[in-house]
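Q: For reference, the chains in residue letters:
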Amino acid sequence: MSLTAKDKAAVKAFWGKVSGKAEDIGTDALSRMLVVYPQTKTYFSHWKDLSPGSAPVRKHGKTVMSGVADAVSKIDDLNAGLLNLSELHAFTLRVDPANFKILAHNILVVLSIMFPEDFSPEVHVAMDKFLAALARALSEKYR
Amino acid sequence: MVEWSDFERATIQDIFSKMEYEVVGPAALSRCLVVYPWTQRYFGNFGNLYNAAAIIANPMVAKHGTTILHGLDRAVKNMDDIKATYAELSVLHSEKLHVDPDNFKLLSDCLTIVVAAKLGKAFTGDVQAAFQKFLAVVVSSLGMQYH
Numbered sequence: 001m002s003l004t005a006k007d008k009a010a011v012k013a014f015w016g017k018v019s020g021k022a023e024d025i026g027t028d029a030l031s032r033m034l035v036v037y038p039q040t041k042t043y044f045s046h047w048k049d050l051s052p053g054s055a056p057v058r059k060h061g062k063t064v065m066s067g068v069a070d071a072v073s074k075i076d077d078l079n080a081g082l083l084n085l086s087e088l089h090a091f092t093l094r095v096d097p098a099n100f101k102i103l104a105h106n107i108l109v110v111l112s113i114m115f116p117e118d119f120s121p122e123v124h125v126a127m128d129k130f131l132a133a134l135a136r137a138l139s140e141k142y143r
Numbered sequence: 001m002v003e004w005s006d007f008e009r010a011t012i013q014d015i016f017s018k019m020e021y022e023v024v025g026p027a028a029l030s031r032c033l034v035v036y037p038w039t040q041r042y043f044g045n046f047g048n049l050y051n052a053a054a055i056i057a058n059p060m061v062a063k064h065g066t067t068i069l070h071g072l073d074r075a076v077k078n079m080d081d082i083k084a085t086y087a088e089l090s091v092l093h094s095e096k097l098h099v100d101p102d103n104f105k106l107l108s109d110c111l112t113i114v115v116a117a118k119l120g121k122a123f124t125g126d127v128q129a130a131f132q133k134f135l136a137v138v139v140s141s142l143g144m145q146y147h
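Chains A and B supply the protein sequences, listed in that same order. The first sequence: position 51 = 51 (our numbering), numbered continuously. The second sequence: position 83 = 83 (our numbering), numbered continuously.
Derived from the structure by calculation, the hints contain no laboratory data. For every residue, glycine included, the Cβ atom is placed at its ideal position computed from N, Cα and C. Treat the hints with care, as some may be off.
List of simulated lysine to aspartate or glutamate pairs, DMTMM-like, C-alpha gap at most 20 Å [said to hold, decoys possible]:
# : chain 1 : residue 1 : chain 2 : residue 2
1 : B       : K105      : B       : E88
2 : B       : K118      : A       : E117
3 : B       : K121      : A       : E117
4 : A       : K41       : B       : D126
5 : B       : K105      : A       : E117
Per the computed footprint, the stretches of chain A lying under chain B, defined by three or more beta-carbons under 8 Å from a beta-carbon of chain B, are [claimed, not checked]:
# : region
6 : 101-110
7 : 114-127
Go ahead and model the full structure; you've got the sequences and the hints to work with.
A: What follows is the structure, encoded as structure tokens:
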């Protein structure tokens with residue numbers, strides 16, 4: 001299920017429209033994830049405040065979305081482009097890859113809420129495929 | 001038996017009392033057929049599913065989407081025993097329709113995304129959690145009679 005030229009074009013076009021709100025998207029997606037999938041809180045026991053929209057959540061949401069933005073720019077070779085991030089997630093963070101799917105779902109929910117007119121089924125499938133490809137690239141170095 | 005908080009019960013009742021079945025149902029099913037194209041395998045007699053535009057415009061998809069969404073009504077009215085409520089539907093999906101139960105989750109994710117777009121800011125994290133919990137119970141119940 002690799003990204004077609006059509007998918008890449010759709011992702012880049014949509015990202016162009018939404019990237020201005022990247023921090024809000026990241027904050028909301030992460031906030032939702034921590035509420036709807038409480039098991040994900042286990043990765044953030046070092047934060048003082050895990051409540052929706054809190055300072056650590058906002059900061060981390062921004063970090064995550066910078067990674068997504070970077071991935072958009074490297075969409076033609078995610079594995080090579082995200083090598084460092086993959087090593088980080090594999091050796092340091094050791095986030096179970098199942099959680100990438102969970103965060104991706106919440107990003108899609110937020111995109112649907114914030115951009116209901118633009119988040120058509122065709123954009124949805126392209127973004128879903130892109131986030132899945134991103135997750136695969138992040139899992140590259142796990143084993 | 002599933003435990004529901006007062007908030008969860010109220011949230012589910014509220015969402016479905018305001019549900020525009022003829023908009024949300026078709027939107028959710030057509031989105032599922034576009035985003036997860038292998039689900040089209042169950043709709044061979046629905047005519048033109050050739051591309052996203054065709055799927056979205058297809059009247060059989062729209063009609064079936066509405067039917068499926070109304071199928072949730074019984075669960076909304078019987079939140080304390082969804083498993084029993086859907087025993088017969090589970091047998092139907094297994095024995096007659098031969099639907100892979102993994103597909104139920106795919107449709108439920110699309111429904112979540114459509115409802116999120118409709119409710120906008122009102123679809124808070126807590127509302128999302130309640131809605132997804134409800135759908136998870138429905139999905140589990142529909143898979144219960146497969147053997």
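Q: Evaluate each hint against the coordinates.
A: Quick rundown of the hints versus the structure:
| no. | hint | in the structure |
| --- | --- | --- |
| 1 | K105/B / E88/B | holds, 19 Å |
| 2 | K118/B / E117/A | holds, 11 Å |
| 3 | K121/B / E117/A | holds, 15 Å |
| 4 | K41/A / D126/B | holds, 15 Å |
| 5 | K105/B / E117/A | violated, 24 Å |
| 6 | 101-110 | holds (count 3) |
| 7 | 114-127 | holds (count 7) |
Consistency with the previously given hints fails for number 5 only.
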